Structure formats: C-alpha cells, structure tokens
Amino acid sequence: MTTQTHTTPVEDTVPRVADELAVGENLAFQRRWWTFERIIWPIFLLIVVFDLLGGLGHGWLAKAKATTAGGALTLDYERIERANTPSTMTLHFSPAAIRDGQIKVFVSDSVVQELGAQRIAPQPAVSAVGEHGINYTFAATVSPAEVQIQLQPSDPGIHRFRLRIPEVAAIEARVLVLP
Amino acid sequence: MALIAVSTVLRAVFGYLFLVLTVRIVGRRPGKQLTPFEFVLIFYLGGLTLTGMVGTEASLTNAVCQILTVAMCHYGLSSLRFRSPGLTRLLDGVPLILMEKQGWRTEALHGMMIKDDDVMAVAREQGIHNLSGIRMAVLETFGQITVLPVQPEQQDPEQQDRDSR
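Those protein sequence lines, which keep their order, are chains A and B. Quick note on this note's numbering: the first sequence kicks off at 1 and runs consecutively. Quick note on this note's numbering: the second sequence kicks off at 1001 and runs consecutively.
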C-alpha cells in the first residue's frame, strides 16, 4: 500500500530584483519602518528623562508636601510610587499638634492596606482601631516632632488616604502607584 | 489573591511583547554570531525584564505559569505571523540589498548602521578578496549578511585589474 503526500507546485512568491535574484526587498515598507524608528527613539529618550525627573516615581516630580490649615501637621510623601518598592512618608508635627505631651493622629486604613505600611517609627505608645483607620498616640516632649511611616504598596492604581489630628485638622491626598 | 495570579500572567505577556518590540527596534544585528557588544544587550535586556516579570513572586508555581504564558504568546505570535505577510514584515523586517552591481546602497547601509567593512568581512569569509568579486550583498531578516559572488563569466576584467592594483 502506497502513502500519498499532498504537494503544491513550486512557485516563486518573492519578487525578483533586476531580473536576476529573488530577494524580497520592500524598500517602501523599510522606509516607513525607519520613519517609525526616528519617532520612537525620541519617545524612548523622553521616557527616560521623565523617569530621571521623577515622573515615574522616586524623584523631584514625585515628591509632594501637604500641610493642614494652621500648620499643625505637614506631610512629606511621594505622589507617584512604584509597586513593591519601599518609600517613606514623613509626618512633621508643630507645637499646635502636641497636647498634654502627646500627639494623636488618625491614619486611614488605606495607608496600611493599599499603600502597604510596613513600619512606623517611632513606635506609637498606643495603637487603637478607629473608624476606617487606626488612631496612633505618640509621646512627644520636643517640637517639632517627626514620625516616619515606611510604605511598600503592592497594588497599582490611584489610592486615597487621610491623616487627621483629632479636633485640629486633616490632610487628604492621593498616591498613584505604578506597576 | 486572584489579582496576583492575573497580574503575574499579565506581566509575563507584557514582558514578552515589550521585549519583542524593543529587540525589533534596537536592530537586527543580533543574529547568527553575536559580537560581545550584542551579547551585553541581549543578556541585559533579558535580565532586566526578568526582574519586573517575577516581582515578589519567586515561587516555582509562578515560574511555571509565566513560562507557559510566554510559550503561548510565542506560539500565538508565530501562528499569526504564519498567516499574515504584513505581520511577518512587521516582526521580521524585510531583506535589504546592501550592495549590487551599481554600487553600495548607502540608504540601506546608513539606515541599518552597517559599515561597508562589515560586508567585506563576510565576503572574506567566503574567499572573496575584493569588491569586484561581489555580485550582491543582502542583509537578511534574521540579521545575517549574505554575499553572493560574481560568476566567473560575469566578472569584469578591467574592474578586477583595478581592484588587484
């Protein structure tokens, strides 16, 4: 028993050049590709420059500062963060925030869950569960006082957070976390 | 948790497609024989992509899923490339004539950043010692330069004489 195989006629689908050799050159396509390359290289450069300036996090454009009315709390943070990359949020408290040798501050739960708070320094004397967040109490003897929260967000997106000194003032801000 | 699984797969897809695009733009020089210069490029690009693709997920499960994802992407792209001549041109580029009997194609040489010395190096590998021995030089889509020698009966004796002097 013979086995049949299917065949198609041998044809040259590649155009011949100068009637001597089939190369398949397509200069019109190649010229369009070179034009595309001339456009894409400056775009690559712009992306790198934008990154160096902090437009993609960790730089001058990414740094942000927010202050409550009256200046009791000033917050230094990064408005643009990168996923799974550590950063620091610093809270500066003026004398107006200190009452009876203590600083009380409310931190919304988005700071812990979405922005991935890893560590808070100094350690608060009291941490209490509040409504949609945590109430921290720090012992404060000198002013200005400073608290740092180390962040490491895991989920990309725009995340809102809120910091509040009870009965004084609040800060609401947004952070863009890049993948 | 489900989002983490999705994001690892999406990262693998993005990493693969981004590398395909970048390597295509960087040029087709990386080919049959890589120079040390090109070795650096290929390994560095691969290493940097790996960092972003894996992220914090260093598990074997993640590695297997991402490898399978990249394999499927590659199969899908190869399948589309087989069916579409336009996509083939886009992914592989087109062969370019670098030199023919009229002379060097300077537009192609400049565009691909290939020096005439590169062509002559390939010609020497084939035992061709001067320009008059080259009938045509073509940059193939896979990055290799093909040099076609002049048939003995086509060789111009005057040109041969000039080249030998």
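Rather than coming from a laboratory, the hints here were simulated on the basis of the structure. Among these hints, one or two may not hold up.
Pulled a few chain A residues facing chain B out of the computed Cβ check, cut under 7 Å [unchecked claim]:
hint	residue
1	V23
2	G24
3	W60
Computed beta-carbon distance windows for the label pairs [what the hints assert, rightly or not]:
hint	chain 1	residue 1	chain 2	residue 2	range
4	B	A1071	A	P42	15 to 25 Å
5	A	W34	B	I1004	21 to 31 Å
6	B	H1129	A	G59	54 to 64 Å
7	B	E1107	A	D76	32 to 42 Å
8	B	L1048	A	L53	49 to 59 Å
9	B	G1076	A	V168	15 to 25 Å
10	A	T35	B	T1051	25 to 35 Å
11	B	F1018	A	W34	39 to 49 Å
All of these numbers come straight from a predicted model, not from anything done at the bench. Glycine is no exception: its CB is placed at the ideal position from the N, C-alpha and C atoms.
Hints, one by one, checked against the model:
| no. | hint | in the structure |
| --- | --- | --- |
| 1 | V23 | holds (5 Å) |
| 2 | G24 | holds (5 Å) |
| 3 | W60 | violated (23 Å) |
| 4 | B/A1071 to A/P42: 15 to 25 Å | violated (34 Å) |
| 5 | A/W34 to B/I1004: 21 to 31 Å | violated (41 Å) |
| 6 | B/H1129 to A/G59: 54 to 64 Å | holds (56 Å) |
| 7 | B/E1107 to A/D76: 32 to 42 Å | violated (54 Å) |
| 8 | B/L1048 to A/L53: 49 to 59 Å | violated (21 Å) |
| 9 | B/G1076 to A/V168: 15 to 25 Å | violated (58 Å) |
| 10 | A/T35 to B/T1051: 25 to 35 Å | holds (33 Å) |
| 11 | B/F1018 to A/W34: 39 to 49 Å | violated (21 Å) |
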